[in-house]
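Student: As they're listed, the protein sequences go chains A and B.
Its first residue numbered 10, the first sequence is counted upward by one per residue in my numbering.
Its first residue numbered 10, the second sequence is counted upward by one per residue in my numbering.
Please note that the accuracy of each hint is not assured.
[Said to hold, decoys possible] Counterexamples of contact, computed for chain B against chain A with all Cβ distances above 12 angstroms: (1) H24; (2) S26; (3) V75; (4) S78; (5) E81; (6) N135; (7) P151; (8) E190; (9) E193; (10) R220; (11) G226.
[What the hints assert, rightly or not] Each pair of labels, with its calculated beta carbon distance range: (12) A:C204 to B:D152: 55 to 65 angstroms; (13) B:A80 to A:A57: 48 to 58 angstroms; (14) B:N50 to A:G207: 40 to 50 angstroms; (15) B:V75 to A:A212: 46 to 56 angstroms; (16) B:R215 to A:V87: 54 to 64 angstroms; (17) A:R74 to B:D191: 55 to 65 angstroms; (18) A:R215 to B:R246: 15 to 25 angstroms; (19) A:S115 to B:D210: 36 to 46 angstroms; (20) B:S78 to A:D13: 43 to 53 angstroms.
[To be verified] With the C-beta cut set under 10 angstroms, the calculated list includes, among others, these residues of chain A facing chain B: (21) S64; (22) P148; (23) L203; (24) R229; (25) F245.
Keep in mind the hints are simulated off the structure, nothing from the lab.
Even for Gly, the Cβ is constructed at its ideal location relative to N, Cα and C.
There are 2 protein chains.
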Amino acid sequence: MSADLLSHIRIVLSHTSHPGNIGAAARAMKTMGIVSLHLVNPKKFPDAEAEAMASGASDVLQKARVCASLAEALQGTVYALAVSARRRGLAYASVEARSAAQALVSAAQGGEVAIVFGTEMSGLSNEEILQCRAMAHIPADPDYSSLNLAAAVQVMAYEARVAALGAQLLPPAESEPARHEDVENFYLHLEQSLCASGFLDPANPRRLIPRLRRLFGRARLEQEEVNILRGILNSFRK
Amino acid sequence: MSADLLSHIRIVLSHTSHPGNIGAAARAMKTMGIVSLHLVNPKKFPDAEAEAMASGASDVLQKARVCASLAEALQGTVYALAVSARRRGLAYASVEARSAAQALVSAAQGGEVAIVFGTEMSGLSNEEILQCRAMAHIPADPDYSSLNLAAAVQVMAYEARVAALGAQLLPPAESEPARHEDVENFYLHLEQSLCASGFLDPANPRRLIPRLRRLFGRARLEQEEVNILRGILNSFRK
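Only chain A is shown next, with the shape it has when bound in the complex (with noise of 0.2 angstroms):
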């Protein structure tokens, strides 16, 4: 998987009411390297307002296509993907964000995509949907479920790039973990350490010793941090 697949996605605002949603909206979508828009009837563009929420992202608005309907907006896309709030008595059942997006990504690799959003008020048409190969919806609070269009642009472009990515990357691991008896050692110390300082009574250690190992166990030690550790014991019997 790669982030070249980001480069066969396109955003597709339909209508847009204000300029200033279609500037937050090219931001949104560089953020997560995504940089193909493409406007639909759009009510005020180019405009200066777009221009100052796009931050650093006035490059795509530059190279942004300003279609006059959703067809041309669409052409040559391999599949499009209308994202709705709502849910409709319409053909497509829609489907959450996460697996929308992988089922876009996964098209992606056969050519261009588009993930499509209609006005701020009314969202998509019917007419707009059945034009699109499939619907996705962010799972919003029921009672409260108004994202805004750049904040919809943000999830939806970062469900694409984790998908893309290949997703759950972990970090790379920093340091390294420290050797099971190198562990083993530091257990040994700290306990004798507790002996000597008289917290732990050998006669009746109850469950002290397995309630540090359990801690430590939990953190999963570096071999740094168990140098640390027995500098501090033996810091702390000088």
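Dock chain B against the given chain A, drawing on the hints supplied.
Tutor: Below, chain B alone, put in the same frame as chain A:
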């Protein structure tokens, strides 16, 4: 599923410059069912622009709590996640948003938890990050990773919601997680003990305390463990 867990999550915004961003963040979190907002020293609040951007989420603003410090905003929490765009030369390893949200929601089963965001320009300070138990980043394009504050809140709140709705509820924790303020007092106690023992030279602390915070942060201390550790420190000072 447990949307209840969402009621254990608070969003903390530290030193936010633009009230419009506070309003947009309130809207973003509310769409995901998270309604507890804590503001640490906001530049301007309350403010008409915050109201305007909150759209239908002005109840979140009205109930928002303004705090004088991050410590105050984190009081009573058992887990805090610092969201930071930049990788830093810091003790903590940064985890991607998705797994960070899963850990957060899992911790929320034991009490109140927080997701913490810094200023628009410079994010969280290292000192603020060290007060949190873990650090997360949204996997943005390295060439343009500048998410708007409310957009970052939207993504993290979305991930928290998805995690909460899909949460495989863990068996109830065997024991009570430590409260933020008690963990902080333990760190203070530890630092004093290490100065007294000579292991820590206040004139040349190197990175010892941040390292130890990282270790114990990973372990997610329980209340009783904090008591044991403080008992141990006392025993060494006798």
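Student: Could you run down the list of hints and mark each one as holding or not?
Tutor: Each hint, compared with the structure:
1. H24: About 20 angstroms separates H24 of chain B from the closest Cβ of chain A, which puts it past 12 angstroms; holds.
2. S26: Per Cβ check, S26 of chain B is outside 12 angstroms of chain A; nearest 14 angstroms; holds.
3. V75: Correct as stated: the minimum Cβ-Cβ distance to chain A is 23 angstroms, above 12 angstroms.
4. S78: Check passes; 27 angstroms lies beyond 12 angstroms.
5. E81: holds (27 angstroms)
6. N135: Check passes; 16 angstroms lies beyond 12 angstroms.
7. P151: Nearest chain A Cβ is 9 angstroms from P151 of chain B, so the label is violated.
8. E190: holds (19 angstroms)
9. E193: Its Cβ never comes within 12 angstroms of chain A, the nearest being 18 angstroms, so this holds.
10. R220: violated (6 angstroms)
11. G226: Non-interface label fails for G226 of chain B: nearest chain A Cβ at 9 angstroms, not farther than 12 angstroms.
12. A:C204 to B:D152: 55 to 65 angstroms: holds (57 angstroms)
13. B:A80 to A:A57: 48 to 58 angstroms: violated (42 angstroms)
14. B:N50 to A:G207: 40 to 50 angstroms: holds (45 angstroms)
15. B:V75 to A:A212: 46 to 56 angstroms: holds (54 angstroms)
16. B:R215 to A:V87: 54 to 64 angstroms: holds (56 angstroms)
17. A:R74 to B:D191: 55 to 65 angstroms: For R74 of chain A and D191 of chain B the Cβ distance comes to about 57 angstroms; the hint holds.
18. A:R215 to B:R246: 15 to 25 angstroms: holds (22 angstroms)
19. A:S115 to B:D210: 36 to 46 angstroms: violated (57 angstroms)
20. B:S78 to A:D13: 43 to 53 angstroms: Distance hint for S78 of chain B, D13 of chain A holds at roughly 46 angstroms.
21. S64: At 6 angstroms from the nearest chain B Cβ, S64 of chain A passes the 10 angstroms test, so the hint holds.
22. P148: holds (7 angstroms)
23. L203: holds (7 angstroms)
24. R229: holds (7 angstroms)
25. F245: Hint holds; F245 of chain A Cβ to chain B Cβ min 4 angstroms, cut 10 angstroms.
The structure fails to meet hints 7, 10, 11, 13 and 19 from the earlier list, while all remaining hints are met.
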